[in-house]
Every structure is written in structure tokens, then in C-alpha cells.
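Starting from the given sequences, assemble the full structure and let the hints guide the process.
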Amino acid sequence: MIHFDNVTKVYKNQNRPALQHVNVAIEKGEFLFLVGPSGSGKSTFLRLILKEERPSQGHVHVAGKDLSRLSNWKVPHLRRRIGCVFQDFRLLPNKNVFENVAFALEVIGKPRRFIQKVVPEVVDLVGLEGKAHRMPHELSGGEQQRVAIARAFVNRPMILLADEPTGNIDPATSIGIMKVLDRINRTGTTVVMATHDAAIVDAFRKRVVELEDGRVVRDQSRGVYGQAY
Amino acid sequence: MRAQFVLQEIWIGLRRNLTMTISLVITVAIAMALFGTGLLIKAQVDKSQSYWNDRIEVSIFLCAKTSSNAACGKSDVTEQQRDELKAQLEKNPQVAKVEYENRDAAYKRFQQRFSNSPSFVNSTKPGDIPDSFRVQLKDPQRFEEVAKSVRGRPGVDQVINEQDILKKFFRILDGLQWAALVVALIQVVAAVLLVGNTVRLSAFNRRRETGIMRLVGASNLYIQMPFILEGAIAGLIGGVFAAFLLVGSKIFLIDRLQESLQFALELGWGSVIGIIIFSMCVGVLLCAGASFLTLRRYLKV
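For the record, the sequence lines run as chains A and B. Per the numbering used here, the first sequence starts with residue 1406, numbered consecutively. Per the numbering used here, the second sequence starts with residue -6, numbered consecutively.
The set of hints was computed from the structure by calculation and includes no laboratory data. Owing to the predicted nature of the structure, the values given are computational and were not obtained by experimental measurement. A portion of the hints provided could be inaccurate.
Unchecked claim - Derived Cβ-Cβ restraints for the label pairs, each shown as a range:
(1) A:1572 to B:214: 32 to 40 Å
(2) A:1516 to B:182: 39 to 47 Å
(3) B:244 to A:1457: 27 to 35 Å
(4) B:285 to A:1471: 25 to 33 Å
(5) B:197 to A:1476: 23 to 31 Å
(6) A:1477 to B:46: 53 to 61 Å
Beta carbons are placed, not taken as given, at the ideal position from N, Cα and C, and that holds for glycine.
Right, here's the structure in full:
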């Protein structure tokens, strides 16, 4: 599903590469934790999958397509098949839960009837039954993140990228969020989650890829966060 | 869904930076009104120029006792001199038509032409206007050739090209037209910069929305459309105001000009409407284009 083929990324005006010779293959339906200290290249890894950045060297393949050969006007179509969740939720404060989720479908031109049918299903799936008309500021952090996950998943993407989704949330609530991500993974969606949260990684026992200074230092199935932490 | 969504976004955008929108509308209105006025004057000038070109005559005034020209020697032109001149003019290949007008006929024509200013007519006596040949040229531009052939010949007092007199009027109009266009151009530059600023503010205000749109894979067109239409709508509103100003300038400027300069041809409302539509289109395209170019800088997709 996602292949990193000897990928090196050096940002402009920086000497130290953000990623160096990274080779990672992620299969369809996998759940992968991307761990490592800040600045180790986790976010760059995710941005390369979205084609928000392009590699300085090497190739990134997503769903069998070489992103370096994907023309710019096709990038939106790539992104429609990838959902994204962030540490800071990125909800629209002036729209309620339903509208926030529906927004993702509206802007790709889905018909109103389809939106009316699909959005409530996804709102229920992430555990926000009965809260569709709440505004973001009326929700807890955990609930807001659930809205963000619903928005990322509503178009049934084949890949879900999560960049520290539990970073702003207390441990107890994080477990709930992880359960939602696990539920999504069980529908066949590939999930890549960058995280600092050792407890979660240890508890879930999924594949772990550890980055350090832009290099892959560990790639372990059913791994833990690491001894050093 | 799509249309409703886009319209809603535009409305929010325009309302959020209302002051910018207002200043943009005013600038576009003034720019387009001046641009249109320039075009109106040009249309009027072109129309009357071609009208006058067909009617322009060269007047060859013949000697009279009252003439101040020393070559005439205070005596009337003789019949022989007159016939010779006439033959000479008719031989000239540039001459289309030669007409002789004696002083009485000339005075009558003068009275008719200025019948609406009687004091002017009263101050002129019959005989003040001397006998003349009125010569129509095949090509008014080649006046000099004809003038040279008769100037200085016995019996000729003055050769006057009506075109020279008209040229002065047209020069004034040309100046007016260019002044309007230059000010319009400056306003256009201001409008383009304002559109840029408005769109930049708008893009900044909506960076959350556009960020999410990008992430969920909205097409570039979908992301940019509200901004471009925002500019276009501001341009359109400005264009509507410009239309009112142009109607005003037709009534208060062009029509007055026409009266005072006695143009034979009136600029019809049809061509005014054409110019209004044209300058509206220019305004809308200008604003839409400026927003598009600004977006490329401030809204990386």
C-alpha cells in the first residue's frame, strides 16, 4: 500500500537531512506506529505520503503509484483516498460536529443526499452518538479528536494517517481514541500513526517503525516503544 | 450543493472584510467609469472625424477691395483670373469638385449656419465674406498639393483648409480622451493591488478551511473558486456603479460637448451600452485575474 524506496529528504536551506535512505513497506490493512523523538522525521514521513513534500532522492509509492510521476492536478485525488488526523484536531470552530464532518464531503462535491446518509453513520462509528449538533467548543478534547477522525474517515479512505492524535489528550481518553482507530483499521483501512506515547504503543502491540535522525533504526512487528524510554 | 457551498463561502468572504470590499468596489467603479469615458470620447471623435473627413472643403478666397492682402492690390478679382483659377483647379487630379460661391450666397449660408446666434450674424455685413471657390478633395490629407498650385496666383487672397480648424477641436478631444485613459490606468493599477490585498486577507481568514480542503482532496478549482468569484463579484458591483457614472458622463459630458462643438452626429445610446458592457467585462476579468494571480502566491495547493 505504501512503499518508501530508499527515500532521502533534505529541506531547503538545511544541511541535515530529515530522512535518510528510508526503506519501509506497509501492506494493505496494516496498523503501524511510527515512533521516535521530535525532529526524527516522523512528520516528514507522513507529508511525503500526502505528496505535500517530494523526496530529494528515492521514490514513494502509494497504492501502486509512484508519487514522483503523479502530476500535480491529480494530487487532490490521491488525498481523497488518504485520511488525516492531527494533534491539534483542526476543526472548524463555527461549524457543528455534523457540519465539520460533512465539510470534507461537500468540498469534494459529493451530493447532499449522500452526505445526509453517510455522515451520521460515521459520527456513530467514532462514538459521538447524539452529539452531531454540538459545536467544537462544547466538546472535550477526546470528543473533538473523534470528530476529526470521523472527518478523516467519512470518505472511506484506504489509508489513515495520524500525527500524534493523542498528543493533546489525557491517557484515559487516549485509550478511547485508540479503540476508534483500531475499529477503523479493522474495516481494512491501513493506519499509520506517528506518536510519542510509549504506553499506547506498548499496550497495542502493533508493528513499530522507529526513526532517529531521519534513519530507520528499528522495524519490528508486534513491537514496543523501546527500552530507552 | 456545490453552487450553494461556493456562494456561501463567497458571501462569508466578502462580509468578513467588508471595508476592503467597499474600497475595492469604489476603485473599480472609478477606474471603469474613466476607462469607459475614454472610450466614449474616442467613439465620438472617430465618428465625427469620419463624418467631417467626407465633408471637409478647402476654401479659396478671392481678392476683394476690402482684402488686407497686399498681393490683391485693393481691387476685386477679375473675371479672367477667376476663370483661369477654376480651369486650373478642375485640371488638378486631387480635386473632386469645385464650386464657386459669390459673396451674397456666402453671406446667406453664413446667416443660416449661425441662425441660433443672431448677434454674431448682425455684426457681419453682406460682402464681408469675399467670393470663393469651395473645393472638395478626393483625399483630405493631400491638401498641400492643391493649396500650392493656387497660392500666390493673381486674384487669390487666402487658402484655408477647414481641416486645420477641426484639427484643433480634435486635439482637445484627444487630450481629454488620453487624460481619462491615463487616470483609468492608474486606477486599474490601484484596483489590481487592492484585489491582491483583499484576496490575501481573505485567504488568511480562511486558512483553516482551505487547509482542510487541501487535506481532504478538494480540487484546486474548488479551493480557488470562492476567492476568484469574490474578486469577480466585487468587480461586477464596481462595474454596475461604473455603468451609472458612464450614463452620467454621456448626459453631462458627451452630449454637452456635442452641443458646444456642433458635431453633426450624436453618439447613440446603443454604443454607450456597448461601452458599458465592455468596461464591465474588463472590470470583472481584471478582478478575477488579479485574485487568481494572488492566490498562486498565498494559497499553495
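Hint check results:
1. A:1572 to B:214: 32 to 40 Å: 34 Å Cβ-Cβ, so the 32 to 40 Å window holds.
2. A:1516 to B:182: 39 to 47 Å: At roughly 44 Å between Cβ atoms, residue 182 of chain B and residue 1516 of chain A fall inside 39 to 47 Å, so the hint holds.
3. B:244 to A:1457: 27 to 35 Å: violated, 58 Å
4. B:285 to A:1471: 25 to 33 Å: Holds: the Cβ-Cβ distance is about 31 Å, inside 25 to 33 Å.
5. B:197 to A:1476: 23 to 31 Å: holds, 28 Å
6. A:1477 to B:46: 53 to 61 Å: Given about 56 Å between the Cβ atoms, the range holds.
The structure does not agree with numbered hint 3 stated previously, though it agrees with all others.
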